[in-house]
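Student: Sequence:
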Amino acid sequence: MLAEGRIDAEDAARLLKALGEEPTPGAAPPQPPRRGTARTFRVTVDAFVKDGGDKKAKVRVNIPIGLARFASRFLPPEAKAELDDHGIDLAGLIDALGDDIPDGPLVDIDVDDGESGTKRAKIIIEVV
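For the sequence shown, the numbering used here begins at 1 and goes up steadily by one.
Quick caveat, the hints were computed from the structure, so don't treat them as lab data.
All of these numbers come straight from a predicted model, not from anything done at the bench.
Any given hint could be a false lead.
With a cut-off of at most 20 Å between alpha-carbon atoms, the simulated EDC-like pairs for lysine to aspartate or glutamate come out as follows [unchecked claim]:
1. K56 with D110
2. K58 with D108
3. K56 with D108
4. K56 with D113
5. K122 with D46
6. K58 with D110
7. K55 with E115
8. K119 with D108
9. K56 with D46
10. K55 with D110
11. K58 with D112
12. K58 with E126
What follows is a list of derived Cβ distance ranges for each label pair [claimed, not checked]:
13. K55 with L90: 27 to 33 Å
14. A3 with R73: 56 to 62 Å
15. D110 with A28: 50 to 56 Å
16. G104 with P29: 31 to 37 Å
17. G66 with L2: 51 to 57 Å
18. R69 with M1: 53 to 59 Å
19. D46 with L93: 19 to 25 Å
20. P29 with D85: 45 to 51 Å
21. S116 with G66: 40 to 46 Å
22. P30 with V61: 34 to 40 Å
23. V107 with A81: 17 to 23 Å
24. R39 with K17: 50 to 56 Å
25. A28 with P64: 26 to 32 Å
For each residue, glycine too, the CB sits at the ideal point set by N, CA and C.
Please put together the full structure from these sequences, using the hints given.
Tutor: Right, dumping it as structure tokens:
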């Protein structure tokens, strides 16, 4: 404005004084989310079957939490109905846990044979 002749030197000095000598920094841009190690749901199932002899079935599944959130939207209706029949709301569980999912076991289930008291299955769901 001074160079264009719209104001004189006194007006320019008053404007600079009103603005302050040091420019004030604006708000810092938000920090991008921290990228640490991918956290996973680990599902472990040990089943003991008695069928003419002792057999043991093992299932180990590690699912990244982000993938579990994404994939839960695409469950077939039959799978959702089966989960609902057992009182499990998978999408609700994942949403309720949010980003504050604690490390360690979330669910630890032992299934015993009602007659002899022997263990038939062990199911563990944990965050690692």
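Student: Please go over all the hints and tell whether each is borne out by the structure.
Tutor: Cross-check of the supplied hints:
Restraint check: the Cα-Cα separation between K56 and D110 comes to about 15 Å, which is no more than 20 Å; the hinted pair holds. For the proposed pair K58 and D108, the alpha carbon gap of about 15 Å is at most 20 Å, so the pair holds. At most 20 Å may separate the alpha-carbon atoms for a hinted pair to count; K56 and D108 meet this at roughly 18 Å. Between K56 and D113 the CA atoms are separated by roughly 15 Å; this keeps the pair inside 20 Å, and the hint holds.
Proximity of K122 to D46 is assessed by CA-CA distance (about 5 Å); at most 20 Å being required, the pair is judged to hold. Between K58 and D110 the alpha-carbon distance is near 14 Å, which keeps this suggested pair within the 20 Å criterion. Distance check on the hinted pair: K55 and E115 sit about 18 Å apart at the alpha-carbon level, within 20 Å; holds. Distance hint between K119 and D108 is fulfilled; the C-alpha atoms sit about 14 Å from each other, no more than 20 Å.
Under the criterion of a C-alpha separation no larger than 20 Å, the hint pairing K56 with D46 is consistent with the structure, at around 7 Å. Proximity of K55 to D110 is assessed by CA-CA distance (about 17 Å); at most 20 Å being required, the pair is judged to hold. Of the supplied pair hints, the one linking K58 and D112 holds, its CA atoms being roughly 17 Å apart against a limit of 20 Å. Annotation: proposed proximity of K58 to E126 holds, straight-line Cα distance about 16 Å (limit 20 Å).
Roughly 29 Å separates the CB atoms of K55 and L90, a value that falls within the hinted 27 to 33 Å. A hinted range of 56 to 62 Å for the beta carbons of A3 and R73 is consistent with their spacing of about 60 Å. A C-beta distance of roughly 51 Å is found between D110 and A28, which places it inside the suggested range of 50 to 56 Å. Range check, G104 to P29: Cβ separation about 35 Å, and the 31 to 37 Å hint holds.
About 56 Å separates the C-beta atoms of G66 and L2, a value consistent with the hinted range of 51 to 57 Å. For R69 paired with M1, a C-beta distance near 55 Å keeps the hint of 53 to 59 Å intact. In this structure the supplied range 19 to 25 Å holds for D46 paired with L93, their Cβ-Cβ distance being about 22 Å. Range check, P29 to D85: Cβ separation about 48 Å, and the 45 to 51 Å hint holds.
At roughly 43 Å, the beta-carbon separation of S116 and G66 lies within the given 40 to 46 Å, and the hint holds. Between P30 and V61 the CB atoms are about 35 Å apart, so this pair conforms to the stated range of 34 to 40 Å. One distance hint, 17 to 23 Å for the beta-carbon pair V107 and A81, holds here, with the actual separation near 21 Å. Look at R39 against K17: about 54 Å separates their beta carbons, and that is inside 50 to 56 Å.
About 31 Å separates the C-beta atoms of A28 and P64, a value consistent with the hinted range of 26 to 32 Å.
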